[in-house]
Amino acid sequence: MIFGADVASMLLGGVAAGMVLFIVSVGLSVTMGLMGFVNLAHGGFAMLGGYAIAQAMKLWGVGFVPALVFGFVITALASAVLERLLYARLYRASELDQVLFTIGLVFMMIASVTLLVGPENQPLRLPALLQGQVNLGFTHYRTYSVVLIVVGIVIVSGLWLVFERTRIGAQIRAAVDNRRMAESLGINIGRLFTLTFAFGSGMAALGGGLGAEFLGLDPQYALKYLVYFLIVVAVGGLGRVTGVFYAALLIGVLDFTLKKYVPQGGTAFIYALTILLLLWRPQGLFGTKTT
Amino acid sequence: MTPAPVDWSEHPAAAAMARRHRLRAWEPIPWVAALAFYFLFPKYLGFGTELLITVLFAISLDLVLGYAGIVTLGQAAFFGAGAYTVGMLAKRGIWNEPITGLILAALVAAAVGLGSGLVLLRTQGLTLLMLTLCTMALLEEAANLAHDYTGGFDGLDSLPIAPLLGRFEFNPLYPTTQYLYVLAVLFVCFVFVRTLIYSPFGQSLTGIRENTLRMHAVGAPVRRRLVLCYALSAAIAGVAGGVWAQANAYVNLGTLGLDRAATVLIILVLGGYGRLYGAFVGAVAYMALSHFLSKIYPTAWQLGLGLLLVVIALFARNGILGIAEAAAHRLRTRATP
Amino acid sequence: MIKRIIAVVAGALALGVASAQAQEVKVGVNLPYTGIGAEFAQLVDRGMELYLKLNADRVKPYKITLIRRDVKDPSGANAKIAVQELLTQDNVDILAGWIYSPNAIASAPIVTAGKKLAVIMNAGTAHITNLSPYYVRTSFSMWHAGYALGEASAKILNAKTAVVGYTDFPPGKDSLAAFKRSFEANGGKVIDEIPMGGAGAVPDFTPFFQRAKDKKPDLFFVFVPAGDHAAAVVKTYAALGMREAGIKLIGPGDITQDTKLQAMGSAAVGLITMHHYHADLDNPENKRFVEAWKKEYGAATTPDFMAVGGYDGMAAIVHVVHALKGKIEVDAALEALKGWKFASPRGPITIDPVTRDIVMNEYLSEAVMKDGRVYQKVIGKIDGVKDACKEQKIGPCAPPAK
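Protein chains in written order, with this note's numbering: chain L, 1 to 291; chain B, 1 to 337; chain H, 1 to 402.
Worth flagging that the hints you see were computed from the coordinates, not collected in a lab.
None of these values were measured; they are calculated from a predicted model.
All C-beta atoms, glycine included, are put in the ideal place defined by N, C-alpha and C.
Each hint should be verified, as a subset may be incorrect.
Computed, partial: chain B to chain L, Cβ under 8 Å [stated by the list, open to error]:
id, residue
1, Ala25
2, Leu138
3, Thr195
4, Val310
5, Ile312
Coverage of chain H stretches by chain L, computed from C-beta distances (three or more under 8 Å per stretch; other residues unrestricted) [said to hold, decoys possible]:
id, segment
6, 80-92
7, 170-183
8, 203-217
9, 256-263
10, 363-373
Based on the provided sequences and hints, a complete structural model is requested.
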């Protein structure tokens, strides 16, 4: 069963990498789909959240899981404040003004964190339970990857339920598909957006903390993975939770496989893949709407 | 069609059109300032040269973004194509004459622009943004992989660029020749772009930006015009890259990178796009601020820069020139009640 | 133009009277104080500062002023302008810094034209010192550790096969070439070479390590740039159970960089590295250095090989200032440095008079647990190691044809 174990390990590794991409990117997709707001500071919220989590563990000795909750809540709150005070003023502005604003915000986030905490990478020590390997019956694999997969599935199921089965989910879907119509039906888009923005940023924070095991955590996090998050959003289609999920999985698994078997190709694959996918389906694999 | 000739020149719209491309009184100011800089700050010419090249690069972006409305994050692909054209030809001893080198850089970059434009310009919005970005990233990775030709991550150093016009050497320590050379290149390219955007071709680009459907309806070949504009813009970005490689006698992966593409976009939006002079204003504001702030606070200058971007985005619509125009408009309306 | 200079006045202990007469020597420092290299810049900067602080007596009666410039990124362009302006505006006497190799390569023509001593404190591509006659390196080249480790792997660790994983940029390729050359010359065999992405962002190492594991080598030699990559390397190695599979993880000291080591915890135990410095080296200079460092910058901080590059670089500069009595002239400065010997925290070092590169000891170390912290135990040592690339005139390391 050597071949089988090989394929299994490849799938597990790729899916785990995809889960991190999904958790960070899902908020970006929904806010961009909802308001058409180009929020390049999204990676910044993931970075800030990761720092909140790392600092909570370091300074107060909080455990990993409570620290994750703390990071989610504090980032969601902070982003809601920013959204009301600053973002809201730019909803009617051109997307290029939005780009200017959010990039400026990222620069400020990076500089502030560097000044307050320092430029160095923040270690996030996992609980012993999550380290090492686990026996899955057919193969041994990295425990944390398996946990990530489970967490990712729980999150996507939860989000799916919220989106498909609750009133607020229906409102979001309606607003993504046709904002004007939704508004004229009496949906309070402003409040809806604040809510999803805060939630999306919280998710990014969660992703920053959960993914630190693979991606590390330092001030530059805010920019250096942004391209990956944007790729996932573009391929998945704007405002589509399930789209983002499948896109993240697809990119995670393909990137992982190609890196393992053809490492000489470097990062070229992920870009080539994105180009091909987007030329094939310009609205993303699951999208129907243009920005 | 009315058979009787009608004199449209009295029509207000025609008058406004005619006024648009007339040389305005303030237009020589940037050029006078650039020349004055040469004499006043001889120790800042290295910075000045980089600044002028950035202006040229930003103008190339303004042509596609500001006039044709193509939002791209991959403009450095063409800058890099031009830079590597000059660099590889010089390093291998094939061609090192500066001015013809720039023409080659422009041709190669235009070819890249034409090829990618034909494929990519069918899309728009985030999709186009990501496609241009990924194309550039692919080129960068290709340059990294082909290190036997491109020098990979280390780049190609000590390029043997021939003296300008066979007489003026490029001194690495005191880049006086580089500065004046780049200024001349910038001027030529600027005149070209200015003429272009006020030509019927340029007007049709603006039409496409403002209402694509209507342009289709009047029978304008929209796709073809966009691709042509994209290739022309690529050629100018290629010139900027080529002149960068010549001025620095050096080329590396940074010329192809997202950093460069994102920075030039920020600079253009900061200055104000679709205005031609926004490139000047944005480049001066962004680069002067980051240059001098980073001298004073080497570790924290990004905070100030970020603040500037946020404030401009929040309080000005369409960059610094947007503020200036709003102010001018207010003055004018007050003057003529 | 107002010239604003952030100056750190060295020799703060010197009395006001003395400093009034002190002859000032300006050192222009170019480092990436922001961006992905900010952490490294801080380490090198602190190393320089600490030397001046610890050796205030040795600096007297001169006053060394550091003029810092942020080079932001490895693009080369910003570093070029920084070096140019340090030379033409600030009129510095000596240049120092360079974290990234591309910046040192891009600056070389300016350094040559500017005719000032230029001390490289980190950039590790082997042939850089050939690019300008005024470059002197107090850090290391990738060949120092890579070449020594290849030999040690065959002779001391008795390995027959190895897989090499490396970050796909010149220091990585240098490291691979150095290791492979000496390992295979001593009877070993490199059975797979895996490029593991670029230097910009930390990749997920799992696919690459999975591939290495499948090849079942005796050793897995990994080169990644110092910083964030190392923690991910060690975590992935442990998480994939490669140790249990009997594959030893080895590499240059970048994978056990002191600043990252404790955070790796028990996952790092068993790692074998070859390097010229780590904070656990047992010699009096290092004890004093580490102690002073912790006092100055906090008990939780630690110096590492980058900090030592800055520290020794400043020692070299102070030596030159004294030898030339404060009047810095580049040819005399180079003469003073050729063959210069110094008791560094990394052990005895000297500057090779022919190549202007450093000659130093290389230590083979194993990470073990001691008193609840990861400790690097020296298990072998090679004295007086030169940069093998230039010694053997390999590829671009051959002296430039004049």
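Now for the hints, and whether the structure bears them out:
Taking 8 Å as the C-beta cut-off, the interface hint given for Ala25/B is violated, the closest approach to chain L being about 29 Å. Hint status for Leu138/B relative to chain L: holds, with the closest Cβ pair at about 5 Å, below 8 Å. Below 8 Å, beta-carbon pairs count as interface contacts, and Thr195/B has none with chain L, the closest being about 25 Å; its hint is therefore violated. Because the smallest distance between the Cβ of Val310/B and any Cβ of chain L comes to about 4 Å, under 8 Å, the interface hint for this residue holds.
Among the interface hints, the one on Ile312/B holds; its C-beta lies about 7 Å from the nearest C-beta in chain L, closer than the 8 Å criterion. Coverage of a stretch by a chain is defined here by at least three residues with a beta carbon nearer than 8 Å to that chain's beta carbons; for the segment 80-92 of chain H and chain L the count is 0, and the condition is violated. With 0 residues having a Cβ less than 8 Å from any Cβ of chain L, the segment 170-183 of chain H misses the three-residue criterion, and the hint is violated. Under a criterion of three residues with beta carbons nearer than 8 Å to beta carbons of chain L, the stated coverage of the segment 203-217 of chain H is upheld, 8 such residues being counted.
Look at the segment 256-263 of chain H against chain L: 3 of its residues bring a Cβ nearer than 8 Å to a Cβ of that chain, three or more, so the hint holds. With 0 residues having a Cβ less than 8 Å from any Cβ of chain L, the segment 363-373 of chain H misses the three-residue criterion, and the hint is violated.
This entry does not satisfy hints 1, 3, 6, 7, 10, going by the numbered hints stated previously.
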